[in-house]
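*Asks:* The lines below spell out each chain.
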Amino acid sequence: MSDKPKIAVHKFSSCDGCQLAILNLGEKLIELTEIVDIMHFAEAGPVNPHEKVDVAFVEGSITTPHELDRIQEVRSNSQYVVTIGACATSGGLQALRNFKHVDIKQWTQSVYAKPEFISTLETSTAIAKHIKVDLEIWGCPINSKQIIETIRALCFGVEPVVQKDSLCLECKRQGNACVMVTKQEPCLGPITQSGCGALCPSVGRGCYGCYGPDENPNTKALAKRFSGLGLLPNDIARKLHFINSQAKGYLEIGNELGNKTLKDDAK
Amino acid sequence: MDDTYLPNEAKIIERIHEGPGIFTLRLQFTDPKINEAYTFAPGQFNMLYLHGVGEIAISIVSDPHSDEYYNHTIRVVGRVTRGFEQLECGDCIGIRGPYGRGWPLEKAKGKDVVVITGGLGCAPVVSVFNYIINRRSEFGTISLMQGVKHSSDLIFRERFQRLKDIPNIKIYVGADKSDMHWPWYKGRVLDLVPKMELNPDNTIAFMCGPEMMMKAAVEALAEHNIDETDLYLNMERNMHCAVGHCGHCQYGGQFICKDGPVFSYPEIKELFAKEGF
Amino acid sequence: MNQSYYLPHTKLQSLLDAIIERGYRCVGPQTRGGTITYDDFSQVKELPWGYEDEQLPGQYTLKKTQKTGYFNWVNGPQAIKPELFKPKESLWNVTRDEEGKLSFQPAQLTPAPLCLFGVRPCDIAAMQIQDKVFITGTYRDERYAQRRENTLIIAANCITSSNNCFCVGAGGFPKAERGYDIALTEIEDGFTLEFGSEQGSDIIASLKLSEADGSQINYAKQRIQEAADKQTKTLPGTNLRDALMNNLDHPRWDAVAERCLSCGNCTQVCPTCFCHSEEDEPNVKGNHSEHVREWDSCFTQGHSYIHGKVIRSQTRQRYRQWLTHKLGTWHDQFGESGCVGCGRCVSWCPVGIDITEEATAICSDFINLENKENSHG
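Protein chains in written order, with our numbering: chain E, 1 to 267; chain U, 1001 to 1277; chain D, 2001 to 2377.
If you are wondering where the hints come from, they were derived from the structure by calculation, not from laboratory data.
A quick note: this is a predicted structure, and the numbers were derived from the prediction, not measured.
Computed footprint of chain E on chain D, listed as stretches where at least three residues anywhere in the stretch have a Cβ under 8 Å from a Cβ of chain E:
id	region
1	2032–2038
2	2059–2071
3	2081–2090
4	2292–2304
Quick reminder that beta carbons are idealized off the backbone N, C-alpha and C, glycines included.
So here's chain E without its partners, still in its complex pose (with noise of 0.2 Å):
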């Protein structure tokens, strides 16, 4: 990387969270433009699309045939590429598409006043599905925190720490009393990735499932005991597949339980 490396903060299909997050970092956005240019970042101001970068951030799913143009440029003019967000890593909310039963153009209808308008693909996927990222950053949003790390571990000339423990490690080293254990409430924090500060459990309720699958998901046994507390096999499945549905460690379980299948890959 350059002395001043430059960044871009690139948006596909997705709902701007993360790039608001990356603006939560305030005054350290400052500190910021001290170690690296940001020449694209259009929620911040500067636009530049085509501008070469050393480091472009990733936010948002490839769902139209325009963006799978675009990300191939982005590609091209980027040193590393890192993918934030559930939507980037693994197609997000909106690739609850992707499943078979669902009629995209009925959907289109049902949404837009003028469909004829729209031009959508019949699935969301992940960045990695088109081209090779060299570091996922998962969250639904990511954090400030994660974007920091990241760019000052490359500022650094290391790769970035990549951390996948259990959700628990980082509920339980807060104190945090588990909502599972004392309020029987489904809590996906034991198959989650750490990393948001344990926000749900912080606040009594059982994690949904954001920052996507840990390092080692014991799904099948998390919803053998979600069923114990009462959960139906298709109630299992929709908080599989809700954020992170695309997710290796939640796609495959709740397919099962949930009896639903993949439309084709449709890259």
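Go by the hints and put chains U and D onto chain E.
*Replies:* Frame of chain E, contents of chains U and D only:
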């Protein structure tokens, strides 16, 4: 506060390229008093700290009687070592140590010494080998056995060539796969163990390298009736603290960092080469 | 045997005040999030009066009852470990100047006198086990050691046990034998008190308490015995080292791995688990970095990572590492078991895996065989 966790600043005074992804950092503590007072034994290691990135356990390969500098041979395997690879002469890092129990050199005095290393993990025995060469008369016959997967993996090539000509030193180098001009044994170097002449009553063996290779070496040496208590192995596991607190390097009841890294075979036999430990 | 005193419930505040007057920050049991949590307090009304907990594998329920007493509950997910061995703390920090010179600074340690109030006997036993890890070994951890030196321990002997308690089977007893300054045993309308240190004795003396009478002492004793008798779970032995290490390929490891989530909850609630990782947290500019440690677990991938590979990639191997260490090789390292029988790993396992069941399944045949051989030999 005397804190065992706190590193001291050291400067890279030389960086020696040893092979692809392998290099030696010659380090000197910035504080001359610390540099002079620092002592270690062959087989011990230091925790080297790369600013903002982290610490890593690295074996000290220089001679323990040189108090001018301390050499550390590093192979690039992960994020911290990749960071170290980018350092240059004059750069500063942190050191704390030395830690662990090194090779039993007092016990080895007067004995024939077999040193067996495999793969690229030979740094811990480089120190012991250098130690013996510099005190040649205190030891009997020295056999150095080095195995590599491919002939191009062999580092310290010239050193091996030089050693070949010293009397009473036997060099065995083998490569599973080799190129045309490979002057050494073509095949698994441990195949040569049965042909070695070893005195079972007066031989001590030091081993370092992949566990499966050390296992094969232990078995081959057992055929020579060398007592298990005379077989010493250098073990490696994840280390964060180096002082037996963090728990990562546990190997059954042993903490590799403070009880090892060098163990006599009976000390680790129970779990040796068992998957998952 | 030490003199016993009687402290009526109405005078518990004066005990607390006497401790606070001596400059101690008090940390004791309180109800939080449907469980018992140890936290700062200064008034006895903050203690869990009338509360009881019910514990089953993977289940914990705390409820308010009409019963009198501060200590009718058994324990919560954590007790005193987070106060002494912090879940996360800075070890040192480093600043790099413009020439690249590094200056290392130890993290500031300002251990204030700390009173751990209402500590269960199993947690005191666990603390003494951690003392061996961090203080009395070859290397001393200053952070832990200094906190320990500034700690006053007020034990609360158990008057009941949960379904998951097995301290007796783990070689302990629901009464603190040592490691405390003052030990309380709750009786009908107050406590019997014993001191275990000079400082404890001083505090008791300052309260001008009457001695406990024979019936009070007997009742206290009886309640503790009842707590012990109530325990239904047990381990197949207090030293399972050989039984475990001779069964490393037992099919039960595969069976437990099918249920185990590898989430690490058992290790995080265990009062003796000491594994932690170290990492750097540099600032944005990169000229300053905090070197921190935080609790880790043998159930993570990172725990056994070396040279680009993971030694324990499978759950089976991770559970086996945990159990063989806790109940087995801990004996090699510290001369005793790493389990005090608090039952937390059973209660707080999201899928309710029971360490006593697993240990029994794995060790029984070996132990039976050993006993047979001994009786014949």
